[in-house]
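Enquirer: If you read the protein sequences in the order shown, they are chains H and E. Using our numbering, you'd call the opening residue of the first sequence number 1 and step up by one each time. Using our numbering, you'd call the opening residue of the second sequence number 1 and step up by one each time.
Quick caveat, the hints were computed from the structure, so don't treat them as lab data. Model, not experiment: these values are computed from the prediction. For glycine and all other residues, C-beta sits at the position ideal for the given N, C-alpha and C. One thing to keep in mind: the hints can contain errors.
[Claimed, not checked] Partial pick of chain E residues on the chain H-facing surface, computed with a CB cut under 10 Å:
#1 E119
#2 H164
#3 D166
#4 L191
#5 T198
#6 Y200
#7 R215
One letter stands for each residue in the lines below.
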Amino acid sequence: MQSLRIAFRNVTRQRRRSLPLAAAVAFGFFVFTLVTAFTNGLLDSVESNVASLTGGHIYVSGSELDPLGRELQVIRDPSVVDAAVEAAGPAVASRQRRSSAPVALIAGSREARQLVIGVDPGRQGGFLDGLSFADGDPSSFLADPTGLLLPAETIEALGVDVGERVIVKATTIRGQLNIADFVVAGGIVGQAALGLDFGYAHVDALDALLDVAPGEVQAISILLEDLGALDATTDRLEVQLAAFAPVVRASDDPETMPAMARAMQGGLGSVATEEAWEGTRYLITTVDDLLGGMRDLVDIMNATAAAIFAVIVVIILVGVMNAYRMVMIERTPEIGAMRAMGVQRSGIRNIFLAEAFLVAATGAVAGLLLALTTMGAVGLVDLGSSNLSFFLQQGHLHFSVIPRDAVLSTLLVSLMSVAAVLVPARAAARIAPAEALRSVG
Amino acid sequence: MTPGSFRSLPMALAATLLACLLPVAAAQLADVDGLLARIDQQGNYLGDLSATVTLQSIDPTEGDERRQARWFRRDADDAFLILILEPTTELGQGYLNVEDGFWFYDPESRQFVYTSLSESFEGSDANHDDFGAPSYADDYRITSLTEGTLGAYDVWIAELEATHGDATYPFKTIWVSRAEELVLKSEDYSLTERLLRTSYFPSYARIGDAYIADRMIFVDALVPGRTTEITISDLSTAELPEYIFTKAYVERVNR
């Protein structure tokens, strides 16, 4: 305790040395914390927005074979999925049915292609809040069962205004052509660059267009309370569904993803006789399957940030070690006096180690506080509706600091500083009192 | 028939007339029963076909477009292949319909992508399945049949309803010449029974016992002023090698 008190006094008395060292640690910690919080926040935002756009974190779609061996994307008996979801555990917050189809939109002599998702905004709270409206508002969509939300670029290509009627032409789940009238209820900011440039219709209206009978569904999206339960819930859901029908996990069979993409394109795939199945086959896809590339990118960014941090820490530690070699030389008379007064070698060593710990810990905490302040300030900036909105939360950059990681990083930096000072500390402890006192002078 | 069966002479005359006409009507109905099958039979050629296809699209918004392609067809296997020749930016793109599905080949990505026969061909009003052999008898049943005229032709006007959910158009009305039993006009309807397009087949080429429409005009019912005209030229019945209807050939022809 005495060593700690003396160390604290030394650190505060020798500010010219302590402050630059602490500032260097703070800078390294600031950069590392900011970058990792940014990338983790980016992933959180994208996951949250994907969950909002797709209606959940787990997606169950079904397909069956028609007499010609063609794969039809439909779940005839959704109660099977409902029962499996009920049994899959308590992490499920809600579930809603979804449809999707590539359609041709026709207004006057203009035509545009658009992938349209059928949603049930009444059951998926917050879905409309997750969209950025460029024109119109959510209430128009909610009020009109034939309402259609389209990317602003599509509305421009069609030359229509919000409130105008368009003809929607699509291929039914069996491959027949069908058309119906819809009303443009709003223009939204699309995410064409990310391949998520969707339009939205009410699922009942889209199902009618696609000839999905009442009571049947194309897919069911499952929203979880806690994304941490994703793997466990998906595993349990697979086991439950497998009791009734064949199940394929998108993560296990990459070939199923093209099939899913094909379904999104409205194509009817043919299935070889040896691969045929009876009844409905379920495909389970998770948000991780969709964001595999994004997650890899975040991992790479975090690894890069960690590498940069490691380099900064090494440079700082070399600086700390050299600084304390100098400290040892400067304090030789003081060390001699302390040893002459009965301070043990371990006491001298502990003073040095405690000083290094205090400087590093103070720097790390300062860096963390600075990073938190910067994040708070940047997070307040409203970036509005733009092509970046998919990476934002309600128009704001979101940073995610994991408290456990922050504490561990602070401890790690502090302990590494202690390790760096170990050599000069031992050298200081080994100085003979008589020799040290002779150097006074 | 016994005296007194009819109460008056006019009634008796009407009954006599009806009795005379019934065999004619019965014979006509018998003919009509096989109408769709006969249309299919005439439209299917037993050998191989190849030709140059020219597609002229008129679009009030997008402007006019001309495309040309080589077309290979083997009705016995229900197979066809279309290789785009023009525009040069799309040279080498191919549409292959074989047993395992209908594929689009993009020479840039060098990949085959599954697509649907009911989809529009190159964004025109023609569909991919317009390039295959007709299959009215398999896909439709007649719900109404009347006599009429179409220009100078005496025709059957048949309203059709798809017998299964796989036909591209759930409802159709076709005008069939009574003399040759060729489809001269077709109105194609959606599942919601709204007109999607009107097709005209003003010219047929006779090859053996088969008739192949060598001029087709598709008028879009949804986009006013948009039409597509397909002309088939250089029609050949020379036997085609087996490898023509393979993915390997579509890839190789691009190299």
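Enquirer: Does each hint hold? Answer for all of them.
Expert: Hint by hint, here is what the structure shows:
no.: 1; hint: E119; verdict: holds (7 Å)
no.: 2; hint: H164; verdict: holds (8 Å)
no.: 3; hint: D166; verdict: holds (6 Å)
no.: 4; hint: L191; verdict: holds (4 Å)
no.: 5; hint: T198; verdict: violated (14 Å)
no.: 6; hint: Y200; verdict: violated (19 Å)
no.: 7; hint: R215; verdict: violated (23 Å)
In this structure, the hints that do not hold are numbers 5, 6, 7, in rising order.
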